[in-house]
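Student: Chains as they are written, first to last, in our numbering: chain D, 1 to 113; chain S, 114 to 226.
In case anyone wonders, no lab produced these hints; they're calculated from the structure. The structure displayed is predicted, hence computed values, not measured ones. Hints should not be assumed to be uniformly reliable.
[To be verified] Derived DSS-like pairs: lysine-lysine, alpha-carbon spacing no greater than 25 Å straight-line:
| # | chain 1 | residue 1 | chain 2 | residue 2 |
| --- | --- | --- | --- | --- |
| 1 | D | K24 | D | K78 |
| 2 | D | K78 | S | K213 |
| 3 | D | K24 | S | K213 |
| 4 | S | K213 | S | K181 |
| 5 | D | K78 | D | K68 |
| 6 | S | K213 | D | K68 |
[Stated by the list, open to error] Some chain S residues judged to face chain D by a derived CB distance under 8 Å, without partners named:
| # | residue |
| --- | --- |
| 7 | K162 |
| 8 | Y163 |
| 9 | F164 |
| 10 | F209 |
| 11 | E212 |
| 12 | F216 |
| 13 | G219 |
| 14 | R221 |
| 15 | T223 |
| 16 | I224 |
[As the list claims (entries may be wrong)] To give a feel for the contact side, a few chain D residues facing chain S, derived at Cβ under 10 Å:
| # | residue |
| --- | --- |
| 17 | F33 |
| 18 | N50 |
| 19 | N52 |
| 20 | Q102 |
Ideal Cβ positions, reconstructed from N, Cα and C, are used throughout, including at glycine.
The chain contents come next:
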Amino acid sequence: DAGVIQSPRHEVTEMGQEVTLRCKPISGHDYLFWYRQTMMRGLELLIYFNNNVPIDDSGMPEDRFSAKMPNASFSTLKIQPSEPRDSAVYFCASSISTYNEQFFGPGTRLTVL
Amino acid sequence: AQSVTQPDIHITVSEGASLELRCNYSYGATPYLFWYVQSPGQGLQLLLKYFSGDTLVQGIKGFEAEFKRSQSSFNLRKPSVHWSDAAEYFCAVGNFGNEKLTFGTGTRLTIIP
Numbered sequence: 001d002a003g004v005i006q007s008p009r010h011e012v013t014e015m016g017q018e019v020t021l022r023c024k025p026i027s028g029h030d031y032l033f034w035y036r037q038t039m040m041r042g043l044e045l046l047i048y049f050n051n052n053v054p055i056d057d058s059g060m061p062e063d064r065f066s067a068k069m070p071n072a073s074f075s076t077l078k079i080q081p082s083e084p085r086d087s088a089v090y091f092c093a094s095s096i097s098t099y100n101e102q103f104f105g106p107g108t109r110l111t112v113l
Numbered sequence: 114a115q116s117v118t119q120p121d122i123h124i125t126v127s128e129g130a131s132l133e134l135r136c137n138y139s140y141g142a143t144p145y146l147f148w149y150v151q152s153p154g155q156g157l158q159l160l161l162k163y164f165s166g167d168t169l170v171q172g173i174k175g176f177e178a179e180f181k182r183s184q185s186s187f188n189l190r191k192p193s194v195h196w197s198d199a200a201e202y203f204c205a206v207g208n209f210g211n212e213k214l215t216f217g218t219g220t221r222l223t224i225i226p
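Please put together the full structure from these sequences, using the hints given.
Tutor: In structure tokens, the structure reads:
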């Protein structure tokens with residue numbers, strides 16, 4: 001398997017623009033997680049899905065952030081409108097079941113100017 | 114709420130020397146614990162995990178960790194480090210009944226010749 005795939009790897013945008021990050025989990029994995037990593041706050045869980053259903057979105061910073069998982073092989077994290085404080089590395093991870101290892105993608109480095 | 118503390122932000126070790134990275138967790142129930150490694154520009158990779166049973170667990174790349182319930186610790190060790198071990202190391206804790214992991218703030222490891 002190719003592992004968790006994220007695109008784009010780097011994104012530079014201007015404040016106010018819409019940003020869409022994409023993730024393809026490992027085939028057969030039931031759980032998908034979105035994380036954000038910054039120097040100040042470390043690694044934060046934003047939202048996670050089980051069988052395409054959002055289970056916990058309590059980590060989503062505000063209404064500007066939204067996430068979807070239309071099918072088992074694709075998820076998006078959208079920021080609209082983006083702000084400079086959203087600059088971070090965003091990771092997607094998947095796992096086969098509860099209590100198992102989460103496999104991380106390479107991340108998307110987002111810079112909002 | 115569960116929490117993870119990695120008290121060392123940055124550690125420098127000579128190549129060939131032994132290594133111990135500290136991790137303390139706070140949670141009332143029996144946790145399950147992970148150590149992940151992140152190389153620059155990469156996602157997180159699992160080194161080892163503990164769910165139950167033998168409190169000394171072996172992982173990849175020659176790493177091991179020991180779960181000590183009395184000290185609420187899960188320290189990572191390696192008898193002899195290699196230059197390729199330079200990376201950031203994250204401890205994570207979860208609890209049965211909840212799919213979410215809580216990550217520590219990470220320890221950056223520098224290896225000197």
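Student: Now look at each hint and say whether the structure bears it out.
Tutor: How the hints compare with the structure:
1. Between K24 (chain D) and K78 (chain D) the CA atoms are separated by roughly 15 Å; this keeps the pair inside 25 Å, and the hint holds.
2. For the hint linking K78 (chain D) to K213 (chain S), the alpha-carbon distance of about 21 Å falls within 25 Å, and the restraint holds.
3. About 20 Å separates the Cα atoms of K24 (chain D) and K213 (chain S), which keeps this hinted pair within 25 Å; it holds.
4. With a C-alpha separation of about 22 Å, the suggested pair K213 (chain S) and K181 (chain S) falls inside the 25 Å cut-off, and the hint holds.
5. About 8 Å separates the Cα atoms of K78 (chain D) and K68 (chain D), which keeps this hinted pair within 25 Å; it holds.
6. For a cut-off of 25 Å, the pair hint linking K213 (chain S) to K68 (chain D) stands: about 18 Å separates their Cα positions.
7. Among the interface hints, the one on K162 (chain S) holds; its C-beta lies about 6 Å from the nearest C-beta in chain D, closer than the 8 Å criterion.
8. A hinted interface residue such as Y163 (chain S) counts as satisfied when its beta carbon comes closer than 8 Å to some beta carbon of chain D; here the least separation is about 11 Å, so the hint is violated.
9. At its closest, the beta carbon of F164 (chain S) sits 7 Å from a beta carbon of chain D; the interface hint therefore holds under the 8 Å criterion.
10. A hinted interface residue such as F209 (chain S) counts as satisfied when its beta carbon comes closer than 8 Å to some beta carbon of chain D; here the least separation is about 7 Å, so the hint holds.
11. For E212 (chain S), the suggested interface contact is upheld, since its CB lies about 5 Å from the closest CB of chain D, less than 8 Å.
12. A distance limit of 8 Å between C-beta atoms decides the matter here; for F216 (chain S) the minimum to chain D is near 4 Å, and the interface restraint holds.
13. Proximity of G219 (chain S) to chain D holds as hinted, the smallest CB-CB distance being about 7 Å (cut-off 8 Å).
14. Because the closest C-beta pair between R221 (chain S) and chain D is about 11 Å apart, greater than 8 Å, the hint is violated.
15. Nearest Cβ of chain D to the Cβ of T223 (chain S): about 17 Å, over the 8 Å cut. The hint is violated.
16. Checking I224 (chain S) against chain D by beta carbon gives a least distance of about 22 Å; that is not within 8 Å, so the hint is violated.
17. Using the Cβ-Cβ criterion of 10 Å, the hint placing F33 (chain D) at the interface with chain S is satisfied: the shortest such distance is roughly 8 Å.
18. Because the beta carbon of N50 (chain D) sits about 7 Å from the nearest beta carbon in chain S, less than 10 Å, this interface hint is met.
19. A distance limit of 10 Å between C-beta atoms decides the matter here; for N52 (chain D) the minimum to chain S is near 15 Å, and the interface restraint is violated.
20. Of the supplied interface hints, the one on Q102 (chain D) holds, with its beta-carbon coming within about 7 Å of a beta-carbon of chain S, less than 10 Å.
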